[in-house]
Each structure stands twice: as C-alpha cells, then as structure tokens.
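Mind docking chain B on chain A? Use the hints.
Which chain is which? The protein sequence lines are A and B, in order. The number in this note's numbering is simply the position in the first sequence, starting from 1, with 48 added. The number in this note's numbering is simply the position in the second sequence, starting from 1, with 48 added.
Hints are computed from structural coordinates only; laboratory data are not their basis. One thing to keep in mind: the hints can contain errors.
Quick look at which bits of chain B chain A covers, simulated, 3 or more residues with Cβ under 8 Å [claimed, not checked]:
#1 97 to 111
#2 228 to 235
#3 250 to 264
#4 284 to 297
#5 301 to 313
#6 327 to 339
#7 392 to 405
C-beta atoms are modelled at their ideal positions from N, C-alpha and C, and glycine is treated no differently.
2 protein chains.
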Amino acid sequence: MFEKVEVDESYVRFSKDRLHRFYVDILTALSVPEEDARIVADNLIIADLRGVESHGAQRLKRYVKAIEKNAVNLRPNIRIERESKVHALLDGDEGLGQPVSYKAMKMAIDKAKENLFGMVGVRNSNHFGIAGHYSLMAVDEELIGISMTTTRPLVTPTWGIEKVIGTNPIAIGAPIEDMPPFLLDMATSVVSTGKFELYRRKDKPIPEGWGVDRYGEITTDPNEVLSEGAELPLGGIGEILGGHKGYGLSLVVDILSGVLTNATWSKWVKNTDEKNSNVGHMFIAINVEAFMPLEEFKRRMKEMIMDIKKSKAKEGKKIWYPGEKGALTAETRLKIGIPIYHKVLEEINEIAEKVGVEKLE
Amino acid sequence: MFEKVEVDESYVRFSKDRLHRFYVDILTALSVPEEDARIVADNLIIADLRGVESHGAQRLKRYVKAIEKNAVNLRPNIRIERESKVHALLDGDEGLGQPVSYKAMKMAIDKAKENLFGMVGVRNSNHFGIAGHYSLMAVDEELIGISMTTTRPLVTPTWGIEKVIGTNPIAIGAPIEDMPPFLLDMATSVVSTGKFELYRRKDKPIPEGWGVDRYGEITTDPNEVLSEGAELPLGGIGEILGGHKGYGLSLVVDILSGVLTNATWSKWVKNTDEKNSNVGHMFIAINVEAFMPLEEFKRRMKEMIMDIKKSKAKEGKKIWYPGEKGALTAETRLKIGIPIYHKVLEEINEIAEKVGVEKLE
Chain A
49 MFEKVEVDES
59 YVRFSKDRLH
69 RFYVDILTAL
79 SVPEEDARIV
89 ADNLIIADLR
99 GVESHGAQRL
109 KRYVKAIEKN
119 AVNLRPNIRI
129 ERESKVHALL
139 DGDEGLGQPV
149 SYKAMKMAID
159 KAKENLFGMV
169 GVRNSNHFGI
179 AGHYSLMAVD
189 EELIGISMTT
199 TRPLVTPTWG
209 IEKVIGTNPI
219 AIGAPIEDMP
229 PFLLDMATSV
239 VSTGKFELYR
249 RKDKPIPEGW
259 GVDRYGEITT
269 DPNEVLSEGA
279 ELPLGGIGEI
289 LGGHKGYGLS
299 LVVDILSGVL
309 TNATWSKWVK
319 NTDEKNSNVG
329 HMFIAINVEA
339 FMPLEEFKRR
349 MKEMIMDIKK
359 SKAKEGKKIW
369 YPGEKGALTA
379 ETRLKIGIPI
389 YHKVLEEINE
399 IAEKVGVEKL
409 E
Chain B
49 MFEKVEVDES
59 YVRFSKDRLH
69 RFYVDILTAL
79 SVPEEDARIV
89 ADNLIIADLR
99 GVESHGAQRL
109 KRYVKAIEKN
119 AVNLRPNIRI
129 ERESKVHALL
139 DGDEGLGQPV
149 SYKAMKMAID
159 KAKENLFGMV
169 GVRNSNHFGI
179 AGHYSLMAVD
189 EELIGISMTT
199 TRPLVTPTWG
209 IEKVIGTNPI
219 AIGAPIEDMP
229 PFLLDMATSV
239 VSTGKFELYR
249 RKDKPIPEGW
259 GVDRYGEITT
269 DPNEVLSEGA
279 ELPLGGIGEI
289 LGGHKGYGLS
299 LVVDILSGVL
309 TNATWSKWVK
319 NTDEKNSNVG
329 HMFIAINVEA
339 FMPLEEFKRR
349 MKEMIMDIKK
359 SKAKEGKKIW
369 YPGEKGALTA
379 ETRLKIGIPI
389 YHKVLEEINE
399 IAEKVGVEKL
409 E
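Here chain A stands alone, though its shape is the one from the complex (with noise of 0.2 Å):
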C-alpha cells in the first residue's frame, strides 16, 4: 500500500460522506438491496480514504458495468454449505462479492470470538474490493484477520509467458495499542492490476521490473503487460532477486481460496462483467486471547513496531509500519475530503446521469 501516485491539480475533493452516498445512491439505483449497496460502498470508501486509488472510484464503473450486463446476481441466495465451530463454507450464488465477504468475515469474527479461531471461504463469488476491509472488520474486534482472494489470472509464472495465474491479494491485520492498527494489504505480484490500469490512465511508462511483454521481456508499456504480456509476481522475473517466491504466494491464495473452497483458481477466474466469474476467497481470524490477554498483545505489538519505527533510516527517509501511510492518508480525507482524479469524476458522473442519480459536483 506504500506505492503512491501524486496528487495533483487534477482531482476534486469530495467529502466521504457525500460520496458513500453517491455510491450507494448509484448502486440503489441499479436494484441492488440497500444493505448490500452499504457495503459496496464502505468497501470503495475504505479503498479511497486510505489512499488505494485503484480500488476506490475507479472501480465503480466496472461494478456498474457487470450488473447492467446481468453478470452479477443482485439476489443471491447465499448458503452455508458446510459449517463447524471453527469454520464454514458459503456459496455466494454469483452475487456481489462485497456482500457474501462481508457476511463471511462476520461469520469467522464470532467464530473466533466463541472458539479462538474462525476459518471461512466463499465460493461462486465476485471481485470483492479491497482486501483490507474485511480485515479490519476482524481488527475493529480485537483480533487478527486475515483475507485473501483469487482473481482473474493476468500475472505470469515464474519462467512463464502466458498470463495463468492472479495479482491473488492478501490482507492481514492486528491491532497495536494507541496506534493506528497494522495492516499489511497486498497483491501477491509485484503491483496490483489496478496500478497498471492507473498509469495506462495516466500515459506513464510503468517502472521496469513491473510486468513482461508477448516475449517475456520486460517492458514499460502499460498496454503491453495489460493486453499480450502479463503481470510479474513479487520479486519480479526469474528467480534471482525471489519472483519465484511471489508466483508461491500467489499460489498459496489459490490453494486457500480457490482450491479448498470448491470455487475455481485464477487461471478460469472470469472478469465480474462476466457470468459464472467464480471468484473465491477465504477469511480468517485469530483470537489473540488464546495465547495472552489482548492488552499485552497489544503492548507488545506497539513495542515490536516502535523499534522498528526509531531504527535508522537512509538520509531524507522515514520507516513507514504496514497500514501507517493508509491510516494517516484517511485522517487528512476525512478533514479536507477524498481526491477524485477528473477523468474518474467524468466516467462516475456519466453513470449517474444515466441512472439518474445528482451528480459529485
């Protein structure tokens, strides 16, 4: 989440109340359930208040075009196929993914409230956001909280060319005393797909090291890793500087959202504007009381971070703790309001005009 892109002139400033209910206004809109708009829309505004630009705004279009394509099942009959004290298995019956995750989520907290530990997939899911949200539902109750996804494949194996498995992100957090909790939220390949989206946005050159081209030959060219080549896994190409660390992990996700939930993995992931897209994902939380009180975890926690955070850093740099940079990125938006880059504004009023909904202005 430390990647950053600047914020200049281009954006306008829009409070997040104002546009929580922009989205769900939208969302309403187009037959989703009020209660489930609510958590699309939390999910975008946790995305746009932390600074994770690529899966705030931007996205809404996508989640628009997948219901006006009848892609998504705003009605889903969501299930419990398989449950115990310590687990579950939900069929999200194609609908939304924020809403089955956000149910799911729920699910593994009281789990692990009640039984120290609360393990829960989701199968026949959707895109499902930001990852980092459902963790920190799981934070929000003193626990840790781990969630994790499959995507649509676009990010080469090591040694690979062809694009067969997902930016398959995973979100862990934990709460520190005093302190703005840790969370680490990740896609398993070097950046995630909404970063290469961004920069085609922008006409940038991406950074070398990102992505590959037909050849498997790094490029610079936003189009060519999105179109012909594919997305590097973290630790880049070939195995010397650990890509072939970053396709495991990608694999990991697979194998826990993907392979046990009974869903498919990223290589038969279809796009959400897509029928049957069979996304799964996987949630869990740890209750820390199982091995020490929570306010001693939490003790700890802020002894760990603060000897990291006072140890020596180059000249003109500072040492950032995972979920840091989001966590004061979000107090300064919720003083002075969430930047909307003006090309998104664009595309996110075009699709209120068309459903009637009043336009961010």
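This is chain B only, laid out in the frame that chain A set:
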C-alpha cells in the same frame, strides 16, 4: 528454494543414511538425547536432500558451537502453557529448536485431525532448521501445513539501514494427487542468510538487489551485508518493486511467531550460540476435509498445478511449481548421494574428530 548454486567437482557425495548416522553420532556424542538428535538429523537431511544447501551440512557447525557453549538446554522441560482443542502454546525451555518444533507440529496435526484446525506456538526456542520439514509432516498426514519462525535481525525495513527485522521464513505445504507435494519454503527476505554465507564461502559477489551496505546503498559484497550492511526484504530496496511487501510479510511472521507466542520479535532474537536466544515459532495444520473430501482436494490441486505447468514458458525455460525441484533433487540424491562441499566436509570432519566420531570418507 529455486535459487541454486552449481554443484561442481569440489563436492563429495554421501548416502542419506550415512549422513544421517553421522549427524546423530555427533549430536549424541555431545550429549543430545538420541530421540532429539534424530529429529535434528532428519531436518538437516531434508535440507541436504532437497538441495537447500544453506540449511544442510553447513548448519551443523552452528548447532555444535551452541551446544559446546552451553547456550542450548539439552534436557529441556517442554511445557504446555496453554491449550484448547484447536491451539496450544509451548515453552521450549531453551532447548534445540527442532525437537520442540517437531512436537508442536505433531500437536497441530492431531488437533487438525480431530477438530479440523490446529495452531501451536512455541517460545523460548532456538533455530529450528529448515521450515519445510514441519510443513511436510502435515502434508504426510494429508493436511495443509504452515510453519514459520522468527530469526535474528539481519534484514532492514523499507527505507531503513539498520538490521532490525528477520529473514523470518514461512513454509506452506499441501498434498497433490500422484505428484510430489506443493511446498513453498521461503525466507521473507530476498534470499536466506545461508545464501550470503554460501557466496562468502565461495568468494563470489552477490547479485545486485540482495543487500545494502552501511549507507543503505546496493552492494555486491556479501561481507558488507553480513557485517555493517543489511539484507533486503523480498521486493528489494525501496517500494517501487514491492520491498514494503517483503518487509510486511517479515512482520507478519514476527506477529504470529514472536509477538503472539510470548517469545520476542526478531529485533531481540539472539544467535543460537547465545543463551536465551528466545526464538519463537508458529505451526498451523488445516484439515482439508473441513471443506471437501481429501481425494477431491488432491485432484483439484493436481489440476491447478498442471494448468500452470502446461502454460507457455520462455524459450529454453520450464515452469516449475513450488516444491517440485526440491522433490526431484531429493529423488536424484537418494540414488546418487548427497553432495557435500569440500570446505563444509572439512569442517564437519573436524567436529567428528574432536568428539570421537567416525569421519565421513
């Protein structure tokens, strides 16, 4: 585990059984109980067999030194401090890391078999050897196995120059139908510390991107990294290629195996040849039958892996899955013997001579 160093003429090969006996003889000669010595030997052999040279024979010297310095408790009173149906916390009483880790993973396995899930932490331990050993124990029982450990602080966080985080490895294994198991066994740094030692031993420069010098600049001198510099987290220097992700993953391992276990985090972990090194570990076993019949899971694993293996590779390259090369190397080495680098052979034979054990010849 894909990063390989060439096997050249300066290696001598020994059978697995001969090496195992050699390790057990040396350890028992140093008063390690035979049962514990066997577990340590198993761990070294797994590394030797699978081609993880950094964690095989070259490690023996370290364990011997720790024992000779009385830094390790050879008659630990391993206590169960907390326990439920799905978790436990063990106090390793400053014993060798391998025996308590073996016991902890055994407990996690038993819990997963009975209650679908097992999570067992260990504190007051020492270096536990190759992480994959424990994950493979779970895989042998047809479970998903996860193992991780804190390590000494040898890595610098993103934008830092001080060694304050660990190489903190994590190993995740899962069974596959008719094929060697999936096993991702990775340091969360670009490479494991053993790799730097290997390059130093061989007087070879390290690749650019593995570590930094005392000023936080990229260096190719392994001595500089091991002395005043620092190793880099997976993703490398800065944030542009995801160094903050490797840094975050290292902290996740610290949280689960250091903070939550009531051990300590990597910043304060001492070398195994010092007293109270207080290494912490976490072992997790997941029963796939919580979600689907075992045979179905294994078949699905095979389908996923084959989908990836069959995808297009760069010319002259082949796509491997995590654990495949290690299994193939083991198969070969079981037939033709395990290669021991001549300098390592000298070292371990010196130990043999000193403790009155038959040398390797």
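Tested hints:
1. 97 to 111: violated (count 0)
2. 228 to 235: holds (count 3)
3. 250 to 264: Coverage by chain A holds for the region 250 to 264 of chain B (5 residues, Cβ < 8 Å).
4. 284 to 297: holds (count 11)
5. 301 to 313: holds (count 9)
6. 327 to 339: holds (count 4)
7. 392 to 405: Contact hint for the region 392 to 405 of chain B vs chain A: violated, 0 residues under 8 Å.
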